[in-house]
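If you want the building blocks of each chain, they are given just below.
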Amino acid sequence: MKQHVNAATLLEKVHEIVAEAMDLETSEIDPIADLFEDLALDSIGIVMVYVEFSVEFGIPEPPREADLSIIRSVEDLTQYVAGQLAATGGAHDNR
Amino acid sequence: MTIDDALAELPQEPPFLFVDKVLEHTDLTIAAIFSYELDHPIVMAHRNVGNSIPGAVLMEQAAQTALILAKLYTLVPAETPLLVGALQGKFLRPVFAPSQVICRTAIVYSRSAQIGFKSELEVGGEVSAQVKGACSILRASEAK
Chain D
0 MKQHVNAATL LEKVHEIVAE AMDLETSEID PIADLFEDLA LDSIGIVMVY
50 VEFSVEFGIP EPPREADLSI IRSVEDLTQY VAGQLAATGG AHDNR
Chain P
0 MTIDDALAEL PQEPPFLFVD KVLEHTDLTI AAIFSYELDH PIVMAHRNVG
50 NSIPGAVLME QAAQTALILA KLYTLVPAET PLLVGALQGK FLRPVFAPSQ
100 VICRTAIVYS RSAQIGFKSE LEVGGEVSAQ VKGACSILRA SEAK
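Just so you know, the protein sequences line up as chains D and P, in that order.
Using numbering that gives the first Met the number 0, the letters of the first sequence map in sequence onto residues 0 to 94.
Using numbering that gives the first Met the number 0, the letters of the second sequence map in sequence onto residues 0 to 143.
Just so you know, the hints here were simulated from the structure itself, not pulled from any lab data.
Just so you know, these numbers come straight off a predicted model, no measurement behind them.
The beta-carbon is built from N, C-alpha and C at its ideal position, and this holds for glycine as well.
One or more hints might be untrue.
Reference excerpt, derived from the structure (chain D facing chain P, CB under 7 Å, subset only) [claimed, not checked]:
(1) 43
(2) 46
(3) 49
(4) 60
Subject to a maximum C-alpha distance of 25 Å in a straight line, what follows is the list of computed SDA-like cross-link-like pairs (lysine to any residue) [said to hold, decoys possible]:
(5) D:12 / P:20
(6) P:89 / D:78
(7) D:12 / P:85
(8) D:12 / P:32
(9) P:89 / P:79
(10) P:89 / D:18
(11) P:89 / D:57
(12) D:12 / D:71
(13) P:89 / D:19
(14) P:89 / D:71
(15) P:89 / D:59
(16) P:89 / D:43
(17) P:89 / D:67
(18) P:89 / D:44
(19) P:89 / D:41
(20) D:12 / D:78
(21) P:89 / P:1
(22) P:89 / D:21
Use the sequences and the hints to build the structure in full.
Quick look at the structure:
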């Protein structure tokens, strides 16, 4: 149960971060929508999302060999963050 | 590339250069210092606000330290300017001249054309501002 709640909380937080970066309400962003094709997120916007991930979750820079082009939606980003948290032992930088 | 080389590559010049010296650096982090003196043109132009340093200037200081780090570790091609695409600042305490402001910046995202960074600016050991930013390489087609 706790793991389920944490996953939902993570999705919610990632959703908020993306909405903030796009100056939209979370209700305007379908978690499975393609942020670039459907919602016109630009290259600078996605960089700010990753910066915010570093600030909020303390996760490191995306590995150079990682293909970030396959990360298209809020759900994809949530899975990415979850993976990074697991790889770093769940490091969490609370501001 | 040396620190002097990286500084020489910066397009900014005084009074719009906000880095005096690099204190320390790794491949993803840098600490650099700038002294805001009372006779600095921006301070003098802001004297009616108690010689406070504008937040926009502190954000520029952060962006410049990020650029130096990107140059030092060749995260961007040589002699390639970076354009700031987005900057966000949170100002926790006002900064008044004269002050030495240490900017500690970490690059948290880098790909061939973009850099993402986060910074903390300290005065007297206390964090005065936090800055987040994203920069992209100025392409030849975009240059006037």
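Hints and how they fare:
For the restraint placing residue 43 of chain D at the interface with chain P, the shortest Cβ-Cβ distance is roughly 3 Å, inside the 7 Å limit, so the hint holds. Residue-level restraint check for residue 46 of chain D holds (minimum Cβ-Cβ distance to chain P is 4 Å; threshold 7 Å). Hint status for residue 49 of chain D relative to chain P: holds, with the closest Cβ pair at about 4 Å, below 7 Å. For residue 60 of chain D, the interface hint holds, since its Cβ comes within 7 Å of a Cβ in chain P; the closest pair sits about 5 Å apart.
With a C-alpha separation of about 38 Å, the suggested pair residue 12 of chain D and residue 20 of chain P falls outside the 25 Å cut-off, and the hint is violated. With a C-alpha separation of about 28 Å, the suggested pair residue 89 of chain P and residue 78 of chain D falls outside the 25 Å cut-off, and the hint is violated. Of the supplied pair hints, the one linking residue 12 of chain D and residue 85 of chain P holds, its CA atoms being roughly 21 Å apart against a limit of 25 Å. Between residue 12 of chain D and residue 32 of chain P the CA atoms are separated by roughly 34 Å; this puts the pair beyond 25 Å, and the hint is violated.
Between residue 89 of chain P and residue 79 of chain P the alpha-carbon distance is near 29 Å, which puts this suggested pair outside the 25 Å criterion. Under the criterion of a C-alpha separation no larger than 25 Å, the hint pairing residue 89 of chain P with residue 18 of chain D is consistent with the structure, at around 19 Å. With a CA separation close to 18 Å, the supplied pair residue 89 of chain P and residue 57 of chain D stays within the 25 Å bound. A C-alpha spacing of about 17 Å is found between residue 12 of chain D and residue 71 of chain D, which places the hinted pair at or below 25 Å, so the restraint holds.
A distance of roughly 15 Å separates the Cα atoms of residue 89 of chain P and residue 19 of chain D; the hinted pair therefore holds under the 25 Å criterion. A hinted pair counts as satisfied when its Cα atoms are at most 25 Å apart, and residue 89 of chain P with residue 71 of chain D does not qualify at roughly 29 Å. Restraint check for residue 89 of chain P and residue 59 of chain D: the C-alpha separation of about 22 Å stays at or below 25 Å, so the hint holds. Proximity of residue 89 of chain P to residue 43 of chain D is assessed by CA-CA distance (about 19 Å); at most 25 Å being required, the pair is judged to hold.
Taking the CA atoms of residue 89 of chain P and residue 67 of chain D, the gap is about 28 Å. The hint is violated against a cut of 25 Å. Between residue 89 of chain P and residue 44 of chain D the alpha-carbon distance is near 18 Å, which keeps this suggested pair within the 25 Å criterion. Taking the CA atoms of residue 89 of chain P and residue 41 of chain D, the gap is about 23 Å. The hint holds against a cut of 25 Å. Between residue 12 of chain D and residue 78 of chain D, the direct Cα distance comes to roughly 12 Å. Compliance with the 25 Å bound is thereby established for this hinted pair.
Our distance criterion of 25 Å between C-alpha atoms is broken by residue 89 of chain P and residue 1 of chain P, whose separation comes to about 31 Å. Among the hinted pairs, residue 89 of chain P with residue 21 of chain D is consistent with the structure: their alpha-carbon atoms are about 18 Å apart, no more than 25 Å.
Consistency note: the structure conflicts with the earlier hints numbered 5, 6, 8, 9, 14, 17 and 21.
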